[in-house]
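S.K.: As they're listed, the protein sequences go chains A and B. Residues in the first sequence are numbered from 3 upward in steps of one, following my numbering. Residues in the second sequence are numbered from 90 upward in steps of one, following my numbering.
Just so you know, these hints were derived from the structure itself, not from any lab. For clarity, every value in this text was computed on a predicted model and none was experimentally measured. It is possible that part of the hints are untrue.
[As the list claims (entries may be wrong)] Below, simulated DSS-like cross-link-like pairs (lysine-lysine); rule was C-alpha separation at most 25 angstroms, straight line:
hint: 1; chain 1: B; residue 1: K156; chain 2: A; residue 2: K105
hint: 2; chain 1: A; residue 1: K60; chain 2: B; residue 2: K156
hint: 3; chain 1: A; residue 1: K79; chain 2: B; residue 2: K156
hint: 4; chain 1: B; residue 1: K125; chain 2: A; residue 2: K117
hint: 5; chain 1: B; residue 1: K111; chain 2: A; residue 2: K117
hint: 6; chain 1: A; residue 1: K24; chain 2: B; residue 2: K98
hint: 7; chain 1: B; residue 1: K98; chain 2: A; residue 2: K51
hint: 8; chain 1: B; residue 1: K141; chain 2: B; residue 2: K156
hint: 9; chain 1: A; residue 1: K105; chain 2: B; residue 2: K133
hint: 10; chain 1: A; residue 1: K24; chain 2: A; residue 2: K71
hint: 11; chain 1: B; residue 1: K129; chain 2: B; residue 2: K160
hint: 12; chain 1: B; residue 1: K125; chain 2: B; residue 2: K160
hint: 13; chain 1: B; residue 1: K141; chain 2: B; residue 2: K129
hint: 14; chain 1: B; residue 1: K130; chain 2: A; residue 2: K105
hint: 15; chain 1: A; residue 1: K51; chain 2: B; residue 2: K125
hint: 16; chain 1: B; residue 1: K125; chain 2: B; residue 2: K141
hint: 17; chain 1: B; residue 1: K130; chain 2: A; residue 2: K79
hint: 18; chain 1: A; residue 1: K24; chain 2: B; residue 2: K156
hint: 19; chain 1: A; residue 1: K24; chain 2: B; residue 2: K111
hint: 20; chain 1: A; residue 1: K105; chain 2: B; residue 2: K111
hint: 21; chain 1: B; residue 1: K108; chain 2: B; residue 2: K141
hint: 22; chain 1: B; residue 1: K108; chain 2: B; residue 2: K98
hint: 23; chain 1: A; residue 1: K71; chain 2: B; residue 2: K129
hint: 24; chain 1: B; residue 1: K125; chain 2: B; residue 2: K156
hint: 25; chain 1: B; residue 1: K111; chain 2: A; residue 2: K79
hint: 26; chain 1: B; residue 1: K160; chain 2: A; residue 2: K24
hint: 27; chain 1: B; residue 1: K108; chain 2: B; residue 2: K130
hint: 28; chain 1: B; residue 1: K133; chain 2: B; residue 2: K160
hint: 29; chain 1: B; residue 1: K108; chain 2: B; residue 2: K160
hint: 30; chain 1: B; residue 1: K141; chain 2: B; residue 2: K130
hint: 31; chain 1: A; residue 1: K71; chain 2: A; residue 2: K117
hint: 32; chain 1: B; residue 1: K130; chain 2: B; residue 2: K98
hint: 33; chain 1: B; residue 1: K98; chain 2: B; residue 2: K141
hint: 34; chain 1: B; residue 1: K133; chain 2: A; residue 2: K51
hint: 35; chain 1: B; residue 1: K125; chain 2: A; residue 2: K24
hint: 36; chain 1: A; residue 1: K117; chain 2: A; residue 2: K24
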Amino acid sequence: AQSVAQPEDQVNVAEGNPLTVKCTYSVSGNPYLFWYVQYPNRGLQFLLKYITGDNLVKGSYGFEAEFNKSQTSFHLKKPSALVSDSALYFCAVLPNLSSNTGKLIFGQGTTLQVKP
Amino acid sequence: DTAVSQTPKYLVTQMGNDKSIKCEQNLGHDTMYWYKQDSKKFLKIMFSYNNKELIINETVPNRFSPKSPDKAHLNLHINSLELGDSAVYFCASSQGGGRYNSPLHFGNGTRLTVT
Chain A
3 AQSVAQPEDQ VNVAEGNPLT VKCTYSVSGN PYLFWYVQYP NRGLQFLLKY
53 ITGDNLVKGS YGFEAEFNKS QTSFHLKKPS ALVSDSALYF CAVLPNLSSN
103 TGKLIFGQGT TLQVKP
Chain B
90 DTAVSQTPKY LVTQMGNDKS IKCEQNLGHD TMYWYKQDSK KFLKIMFSYN
140 NKELIINETV PNRFSPKSPD KAHLNLHINS LELGDSAVYF CASSQGGGRY
190 NSPLHFGNGT RLTVT
């Protein structure tokens with residue numbers, strides 16, 4: 003079965019430190035990969051995506067993610083965390099076979115807590 | 090100038106009632122979606138429409154019926170509401186038409202509470 007895993011329910015980091023939110027996937031073929039962020043009582047907001055090309059993708063608010071095909075991972079990173087980055091982060095995968103339907107598979111979400 | 094707007098924001102109702110949630114997008118997208126987020130924040134797609142045509146219809150009880158009068162609107166009607174329907178329902182849109190790898194734009198959600 004195709005799936006996305008975010009192994010950490012919560013990540014805690016001090017402001018100014020680098021952060022990593024992990025994501026691994028299990029799909030056939032070459033998937034499209036996404037990160038979204040959800041602030042309290044809001045809808046999800048798109049951060050970045052990997053379609054093809056350079057494995058390091060840069061996105062909104064200083065976030066970046068690295069696609070690693072051999073490890074089937076797409077970890078979200080930021081060099082220096084801000085308190086305002088505290089939110090719920092979702093990794094999502096669009097299997098290539100589903101690319102004509104838009105049927106995204108979401109991970110279970112990781113809560114990022116950045117402390118001052 | 091809200092891109093994807095859904096109403097109402099909160100919906101509290103009793104079991105057995107019928108209710109609707111409305112969604113509108115002004116982004117010119119041709120694909121719209123309904124997602125359900127449960128109490129553990131898990132997100133699951135329910136339906137998607139492309140230019141008023143049903144594309145995705147997940148295993149959802151047939152008490153849930155989407156309706157798309159035009160490509161800018163996708164409403165969700167729920168009959169005979171049950172306690173387990175309590176969740177946050179998100180509408181989203183994207184540029185489809187063979188470019189389904191384009192990002193989703195989400196509304197702010199409708200929190201449905203069934204008592």
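S.K.: The structure should be examined with respect to each hint, and the outcome stated for every one.
M.R.: Hint by hint, here is what the structure shows:
Under the criterion of a C-alpha separation no larger than 25 angstroms, the hint pairing K156/B with K105/A is consistent with the structure, at around 19 angstroms. Between K60/A and K156/B the CA atoms are separated by roughly 37 angstroms; this puts the pair beyond 25 angstroms, and the hint is violated. Between K79/A and K156/B, the direct Cα distance comes to roughly 39 angstroms. Violation of the 25 angstroms bound is thereby established for this hinted pair. For the hint linking K125/B to K117/A, the alpha-carbon distance of about 30 angstroms lies beyond 25 angstroms, and the restraint is violated.
Taking the CA atoms of K111/B and K117/A, the gap is about 38 angstroms. The hint is violated against a cut of 25 angstroms. Between K24/A and K98/B the CA atoms are separated by roughly 32 angstroms; this puts the pair beyond 25 angstroms, and the hint is violated. Restraint check: the Cα-Cα separation between K98/B and K51/A comes to about 29 angstroms, which exceeds 25 angstroms; the hinted pair is violated. Restraint check for K141/B and K156/B: satisfied, since their Cα atoms lie roughly 8 angstroms apart, inside the 25 angstroms limit.
For a cut-off of 25 angstroms, the pair hint linking K105/A to K133/B stands: about 10 angstroms separates their Cα positions. Using a Cα cut-off of 25 angstroms, the hinted pair K24/A and K71/A holds, with the two alpha carbons roughly 14 angstroms apart. The hinted pair formed by K129/B and K160/B fails the criterion: a straight-line CA distance of about 31 angstroms is larger than 25 angstroms. Only pairs whose Cα atoms come within 25 angstroms are accepted, and K125/B paired with K160/B is accepted, the gap being roughly 21 angstroms.
Between K141/B and K129/B the CA atoms are separated by roughly 31 angstroms; this puts the pair beyond 25 angstroms, and the hint is violated. Between K130/B and K105/A the CA atoms are separated by roughly 18 angstroms; this keeps the pair inside 25 angstroms, and the hint holds. Among the hinted pairs, K51/A with K125/B is consistent with the structure: their alpha-carbon atoms are about 22 angstroms apart, no more than 25 angstroms. For the suggested pair K125/B and K141/B, the alpha carbons sit about 20 angstroms apart, so the restraint of at most 25 angstroms is met.
Between the alpha carbons of K130/B and K79/A the distance comes to roughly 22 angstroms, so the proposed pair stays at or under 25 angstroms and holds. Between K24/A and K156/B the alpha-carbon distance is near 37 angstroms, which puts this suggested pair outside the 25 angstroms criterion. Among the hinted pairs, K24/A with K111/B is inconsistent with the structure: their alpha-carbon atoms are about 35 angstroms apart, more than 25 angstroms. The straight-line distance between the Cα atoms of K105/A and K111/B is roughly 21 angstroms, inside the 25 angstroms bound, and the hint therefore holds.
Taking the CA atoms of K108/B and K141/B, the gap is near 21 angstroms; set against the 25 angstroms cutoff, the hint holds. The straight-line distance between the Cα atoms of K108/B and K98/B is roughly 13 angstroms, inside the 25 angstroms bound, and the hint therefore holds. Of the pairs offered as hints, the one joining K71/A and K129/B is violated, with about 29 angstroms between alpha carbons and a cut-off of 25 angstroms exceeded. Pair hint K125/B plus K156/B holds up; C-alpha atoms about 16 angstroms apart against a cutoff of 25 angstroms.
For the proposed pair K111/B and K79/A, the alpha carbon gap of about 36 angstroms is over 25 angstroms, so the pair is violated. The suggested pairing of K160/B with K24/A is violated, with an alpha-carbon distance near 36 angstroms, which exceeds 25 angstroms. Between K108/B and K130/B, the direct Cα distance comes to roughly 22 angstroms. Compliance with the 25 angstroms bound is thereby established for this hinted pair. Taken as a hint, the K133/B and K160/B pair is honoured in the structure, with Cα atoms around 22 angstroms apart against an allowance of 25 angstroms.
Annotation: proposed proximity of K108/B to K160/B holds, straight-line Cα distance about 22 angstroms (limit 25 angstroms). At most 25 angstroms may separate the alpha-carbon atoms for a hinted pair to count; K141/B and K130/B exceed this at roughly 28 angstroms. Simply put, K71/A and K117/A have alpha-carbon atoms about 32 angstroms apart, too far for the 25 angstroms limit, and the pair is violated. Taking the CA atoms of K130/B and K98/B, the gap is near 17 angstroms; set against the 25 angstroms cutoff, the hint holds.
Restraint check for K98/B and K141/B: satisfied, since their Cα atoms lie roughly 24 angstroms apart, inside the 25 angstroms limit. At roughly 19 angstroms between alpha-carbon atoms, K133/B and K51/A fall within 25 angstroms of each other, so this suggested pair holds. In summary, the hint linking K125/B to K24/A is supported, as the alpha carbons are separated by about 23 angstroms, within the 25 angstroms threshold. For the hint linking K117/A to K24/A, the alpha-carbon distance of about 19 angstroms falls within 25 angstroms, and the restraint holds.
Checked against the numbered hints above, the structure breaks hints 2, 3, 4, 5, 6, 7, 11, 13, 18, 19, 23, 25, 26, 30 and 31 and satisfies the rest.
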